[in-house]
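The residues making up each chain are set out below.
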Amino acid sequence: MSKVKETAAVIRQDRLAEGVYSMWIHTPAIAAQAKAGQFISVYPRDGSRLLPRPISLCEIDAAAGNLRIVYRVVGGGTEEFSHYQAGDPVTVLGPLGNGFYPQTGSALLIAGGIGIPPMVELAKTLKKNGVTDLVSVIGYRNADTFLVSELEACGSVCPATEDGSLGIQGTVMDAIRAHNLTADTIYACGPMPMLRAVKAFGESHKIRTQISMEERMACGIGACLGCVCQSKEIDEHSHVHNKRICKDGPVFWAEEVEIG
Amino acid sequence: MNTKVRIAGVELKNPVMVASGTFGSGEEYSEFVDLNQLGAVVTKGVANVPWPGNPTPRVAETYGGMMNAIGLQNPGIDVFIKRDIPFLKQFDTRIIVNVCGRSTEDYVEVVERLGDEPVDLLEINISCPNVKEGGIAFGQNPAMAEAITKAVKRVAKQPVIMKLSPNVTDITEMAKAVEAGGADAVSLINTLTGMKIDIHRQTFALANKTGGLSGPAVKPVAVRMVYQTANAIKLPIIGMGGIASAEDALEFILAGATGVSVGTANFYNPYTTKEVVDGIEAYMKQHQIENISDLIGIVK
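Read top to bottom, the protein sequences are chains A and B. Taking my numbering, I'd label the letters of the first sequence as residues 22 to 281. Taking my numbering, I'd label the letters of the second sequence as residues 33 to 332.
To be clear, the hints were calculated from the coordinates, so they are not data collected in a lab. Be aware that a few hints might be false.
Calculated lysine-lysine pairs in the DSSO-like style (CA-CA distance at most 30 Å, straight line) [claimed, not checked]:
id	chain 1	residue 1	chain 2	residue 2
1	B	K208	A	K24
2	B	K36	B	K228
3	A	K268	B	K36
4	B	K121	A	K24
5	B	K208	B	K185
6	A	K148	A	K268
7	B	K306	B	K317
8	A	K24	B	K266
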């Protein structure tokens, strides 16, 4: 596998919810190699914004050579991306990171907010691999949701909303308890407090758990050591307790990492 | 056309190298650029023992630049000698090892360990703004800078480059101090100490509160300091600070740099080093310059 940096073409862009956008990008060289849970670096054109934005892959269509990213506008860089239209150039580098480790047996996908997009490709992969017992527990602020139908196409979906306007009122953990959910494997992506709760849940219920982490990144390829997380064991690269989220992750088995 | 330059008696095939800490030991970037095309690879700082570095967030973007407070995370000299030097020896490029420490003894220990290794040059980091002990303390006081240079030179088997901090009133005082201490070359600039506040979280953007500013935003400061230093000392200078293109690199060369390092640009364009090498050659061809050394410091 080798990473590719190229100026690709935007195929389409849609607004999915308040501040959340979906962009399909034609990049056959990256799409051919990409797996669920990996990410790409997307480069703003504005020269004052130097660093690439790491964005998880939501869907991979290797046959057509296309990738889909779903992202939230959080600053000037993602704001710029949200204005791209079909046919516009977009500079990307990928595929980056290791992605999820799909297991056989039942699956519980737990995600919150902008942690939801990578679950779509993961759900599709698991379904294709023959996993039939697949439940997605997804948390939103309110009923302004996104990617629900994509996840419903692969299994059942239990939403939770902070304001109770859809599904269980509360967090994804409240939804898991309310529905008394369990599985052979948990896959999770979302904010740190959620990942901490999921890791504790997996430990107490003896369910093997994979979590996808995020951190501020510079290079995205493992050189700058900007995006480390604390690892239980001494890491291979620096021989301390710091795994690189961009290169060693972003997906880790929960027992590998300490979530402070 | 001759792009070769000499730094402290060591010949480099071209003046283009990388700034320590922006290129690891080359492995991650070897997927993008042929390391054989670089004048030298300058490794990320290595200490006598592994350093875990600072808490995250460690990086933040700023206008035309970025700040970092990695805190010199490194695997320590044992792993470095076993893994990183053999990796770099596969390539026809010079190896410059950046050395960091918290005390004179730390630096001396690493330099002694490297004595019998196939390393071409040593770069002594006395200017990292992100570690509390040592580091920059040596780089902001001329007497201490001279003393550490002498201590390192006493044991070093390879020529010694002292890496200078821009976070001083007069960089030529520091340059003269390390020259007096016996340094063979200087490299500048390290990052400028800065701060960014996240107004949404109402706290510092970096866990370390302050960080080192780098990238195109700092280039004019760096060019000015290279120019001043070139006019103050006789040692060869490796210039860096915001180099993202051959044009940028040529500014440093014309200001007095013998070598030029690509730093932050590696993070957003992993092909930068090769582009700088090619661009310098194109410039020499266009301006009918036979020897790159004819360009060094000619802007007076």
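Check each numbered hint from earlier against the structure, then list the numbers of those it violates in ascending order. Hints 1, 2, 3, 8 are the ones this structure does not satisfy, whereas the remaining hints hold.
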